Amino acid sequence: MTGKNGKAPSRWYRANLWLHRWASLVATLPFLMLCLTGTVLIFHEEIDAAMGMVPPTPGLSATDRPLAESVDTVLAAHPDEKVALVGIDTNDHPGLLLLATVRNGDTNFDRTTLRFTHLASAKLLDQSGREDGTLTGFLLELHAQWFMGPIGELVGALIALLVLVSLLSGLVVYAPHARRVAFGAFRRGRGPRLVQLDLHNFIGAVVLGWALVVTLTGFLLGFGTLATGLWAQGELGRVQQQFQGAPVDPRHPPVDADGAYRAALAAAPQGWAVTSIFWPGTDYSTGRHYTVLVNGSGLDEKLFRAVLVDAATGKVAATAEMPWYMKAITLSQPLHFGDYGGLPLKLLWTACTWLTLFITGNGAWLWWDRRRSRRRKLTEATA
Amino acid sequence: MMRGWPRGRIALLALVSITGIVGMLLGDGAWDWLFLALAALPLLIGGAALAARHVRAAILKRCDNHPAGDY
Chain A
1 MTGKNGKAPS
11 RWYRANLWLH
21 RWASLVATLP
31 FLMLCLTGTV
41 LIFHEEIDAA
51 MGMVPPTPGL
61 SATDRPLAES
71 VDTVLAAHPD
81 EKVALVGIDT
91 NDHPGLLLLA
101 TVRNGDTNFD
111 RTTLRFTHLA
121 SAKLLDQSGR
131 EDGTLTGFLL
141 ELHAQWFMGP
151 IGELVGALIA
161 LLVLVSLLSG
171 LVVYAPHARR
181 VAFGAFRRGR
191 GPRLVQLDLH
201 NFIGAVVLGW
211 ALVVTLTGFL
221 LGFGTLATGL
231 WAQGELGRVQ
241 QQFQGAPVDP
251 RHPPVDADGA
261 YRAALAAAPQ
271 GWAVTSIFWP
281 GTDYSTGRHY
291 TVLVNGSGLD
301 EKLFRAVLVD
311 AATGKVAATA
321 EMPWYMKAIT
331 LSQPLHFGDY
341 GGLPLKLLWT
351 ACTWLTLFIT
361 GNGAWLWWDR
371 RRSRRRKLTE
381 ATA
Chain B
1001 MMRGWPRGRI
1011 ALLALVSITG
1021 IVGMLLGDGA
1031 WDWLFLALAA
1041 LPLLIGGAAL
1051 AARHVRAAIL
1061 KRCDNHPAGD
1071 Y
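As you go down the protein sequences, you meet chains A and B in turn. Mapping the first sequence onto our numbering, position 268 (from 1) lands on 268, and the numbers just tick up by one. Each position in the second sequence, counted from 1, maps to that position plus 1000 in our numbering.
No lab work stands behind these hints: they were computed from the structure. Take every hint as true, because none was put in to throw you off.
No farther apart than 25 Å at their CA atoms in a straight line, the calculated lysine to any residue pairs in the SDA-like style are these: (1) K346(A) x G1029(B); (2) K346(A) x G1023(B); (3) K346(A) x T1019(B); (4) K1061(B) x R190(A).
Computed from a predicted structure; not experimentally measured.
Next comes chain A alone, as it looks inside the complex (with noise of 0.2 Å):
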């Protein structure tokens, strides 16, 4: 191939032709998987609902039931089980409370269960479940993970950072096409492979910001994990260590989830909601403290604070703001499923996912294809 004048190829265009070829390569396969899961997950709301996962949202109601009754209910009817965390979300939700329980004695939130009930009765819901256990749990097991726990979340950042240099080495080796093809032409009649070739850099060229940017997040979420391993023993340890005091009982705490409700709204700027409560004696709180997330709108609706509330006397004893890379990672997750704009934006994701997933195929082929062709020139030569 000649370069701009009829010249030689630059040592800069060959570089990024080598990375751009290479690392798509090693990244074909798994990403091929993480284009279909990532389809499937795209749509994970719609899926759980469908498969009965998560109730129906009976909608706002103004007469809610304190929140301690309906954990009073749950607690009624799994006496070996406490409360790890509630969840209120009035978006996606509206009317319903999420109350994720685990065994006494246990602090995993790995091994949760989640239950549901009605904000209006306090009456606990028939679904429940494991997240692990759902088809999309189990789709984003694999998506995320590859089924190896958090090493796995480390190979997946590792294939998202092969990607992202495949596309940034594209761009690079798209220059001579662009000067030679026009936007949106493909040069039929010439064999399957120039075709094949204007397809993938159109393609290439149309997806590049989505794939940016769903690259990315990928990749920092493949941090997911160890980032908040170190959060949860960097800053929150220390906020832990700091607000030590004698431990309460995790299942019946003396001040209830109404009392961490007000303490921390009260605490938190005008019109900020309460989102999640992590009971005490959890990973993410103290034996004697609640950890409340509360969150505003716009940006402040992904940055949430959280605030600690003592257990025993209902006081906040301190407001935390999550440090930068718990930010990002925050920040990442609506990025990357696209799961944040409703139905239109999951249709353009889909698009987009499926287009991606088309010029991965068509670039190995092309790879194969070339080499097919080099070696049936090279005996032909030597016959």
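Once you've looked at the hints, dock chain B against the given chain A.
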């Protein structure tokens, strides 16, 4: 031969798409449609380019097949 889209224009289109994707997450709900349009702009432009080529090819084909061409 017609020149294709240079690298800078493709990078700019990618940046517009990224702005739409991030803007939709962080921006006010009232701007969602604008941000969605920005996010989908590369696809729309790509689709428009393909459609334009098809129309152009169809017109040229009809011109080629026109009886006046025999004279």
